[in-house]
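Visitor: This is what each chain is made of:
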Amino acid sequence: DAKTTQPPSMDCAEGRAANLPCNHSTISGNEYVYWYRQIHSQGPQYIIHGLKNNETNEMASLIITEDRKSSTLILPHATLRDTAVYYCIVRVENNFNKFYFGSGTKLNVKP
Amino acid sequence: DVKVTQSSRYLVKRTGEKVFLECVQDMDHENMFWYRQDPGLGLRLIYFSYDVKMKEKGDIPEGYSVSREKKERFSLILESASTNQTSMYLCASSLPGAGANVLTFGAGSRLTVL
Chain A
1 DAKTTQPPSM DCAEGRAANL PCNHSTISGN EYVYWYRQIH SQGPQYIIHG LKNNETNEMA
61 SLIITEDRKS STLILPHATL RDTAVYYCIV RVENNFNKFY FGSGTKLNVK P
Chain B
1001 DVKVTQSSRY LVKRTGEKVF LECVQDMDHE NMFWYRQDPG LGLRLIYFSY DVKMKEKGDI
1061 PEGYSVSREK KERFSLILES ASTNQTSMYL CASSLPGAGA NVLTFGAGSR LTVL
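So the sequences go chain by chain: A and B.
If you're matching positions, the first sequence starts at 1 in the working numbering and goes up one per residue.
If you're matching positions, the second sequence starts at 1001 in the working numbering and goes up one per residue.
Don't read these hints as lab results, they were simulated from the structure.
These numbers come from a predicted model, not from an experiment.
Keep in mind that the hints are not guaranteed to be accurate.
[Stated by the list, open to error] Sample of chain A residues with no beta-carbon within 10 Å of chain B, all distances over it, derived:
| hint | residue |
| --- | --- |
| 1 | PRO7 |
| 2 | PRO21 |
| 3 | ASN23 |
| 4 | ASN30 |
| 5 | TYR32 |
| 6 | SER41 |
| 7 | GLN42 |
| 8 | GLU58 |
| 9 | MET59 |
| 10 | ALA60 |
| 11 | ASP67 |
| 12 | LYS69 |
| 13 | GLY102 |
| 14 | SER103 |
| 15 | GLY104 |
| 16 | ASN108 |
[Claimed, not checked] One-sided excerpt, in silico: chain B residues whose CB lies under 7 Å from chain A:
| hint | residue |
| --- | --- |
| 17 | LEU1043 |
| 18 | ALA1107 |
| 19 | GLY1108 |
Note that CB positions come from ideal geometry on N, CA and C, so glycine has one too.
Turn these sequences into a full structure, and let the hints guide you.
Guide: Here it is, written out as structure tokens:
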């Protein structure tokens, strides 16, 4: 799996969009970008994933650059409940082997 | 709603005790995983299973074993608990194929070994 780099922490004002970046410069053509988050004292939660095109679901949007070397997770209207550690993971779609979680980005949503 | 249920939220055990952590999923997922999470170290994979009676070592299998006798249940066993196994243990499951990387996690089991 390709390595990812994320900032250790970010702040966001409540009600504003939270944009969480992730660098994955060594990503291969068949690797997807996955995002998870972990709210304190809970298990991680799947958010969204994509290959090339931008993706949107009820939780977030995923913007992947044309060269696929970086991506941004967007929470359009952050709430206090979005305070969590966000993990960006890159891997081949049907690979169940050794799913690695890095250190992630701690998003602090402030009132 | 997809559910992964871990039997105990909090456990306190003594050094040398045998510890069983149970995990049950109700979505007929083939893949199941056990992670431990420690401050500053992130999530580390202990064992995973892609089918009944199948198991594969993760990154840190030493001191642990697993059992998957039924598709819905994946148990983590600490044969002789030690203080360095004090940690948060997370179970997860996923489908095979295209859904393999969409993991559903349980709430976690916080184990303290005295």
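Visitor: Hint by hint, say whether it matches the structure.
Guide: So, going through the hints one by one against the coordinates:
1. PRO7: 15 Å, holds
2. PRO21: Consistent with the label, A/PRO21 stays out of reach of chain B, its closest Cβ about 18 Å off (over 10 Å).
3. ASN23: 17 Å, holds
4. ASN30: Non-interface label on A/ASN30 holds, nearest chain B Cβ at 12 Å vs cutoff 10 Å.
5. TYR32: Violated, since 7 Å does not exceed 10 Å.
6. SER41: 7 Å, violated
7. GLN42: With a cut-off of 10 Å, A/GLN42 comes too close to chain B, as the shortest Cβ separation is near 6 Å.
8. GLU58: Given that every Cβ of chain B is farther than 10 Å from that of A/GLU58, nearest at about 14 Å, it holds.
9. MET59: About 13 Å separates A/MET59 from the closest Cβ of chain B, which puts it past 10 Å; holds.
10. ALA60: It holds; A/ALA60 is separated from chain B by about 14 Å at its closest Cβ, greater than 10 Å.
11. ASP67: 22 Å, holds
12. LYS69: Given that every Cβ of chain B is farther than 10 Å from that of A/LYS69, nearest at about 20 Å, it holds.
13. GLY102: 6 Å, violated
14. SER103: 5 Å, violated
15. GLY104: Incorrect as stated: the minimum Cβ-Cβ distance to chain B is 7 Å, not above 10 Å.
16. ASN108: 17 Å, holds
17. LEU1043: 4 Å, holds
18. ALA1107: 6 Å, holds
19. GLY1108: Because about 5 Å separates B/GLY1108 from the closest Cβ in chain A, which is inside the 7 Å limit, the hint holds.
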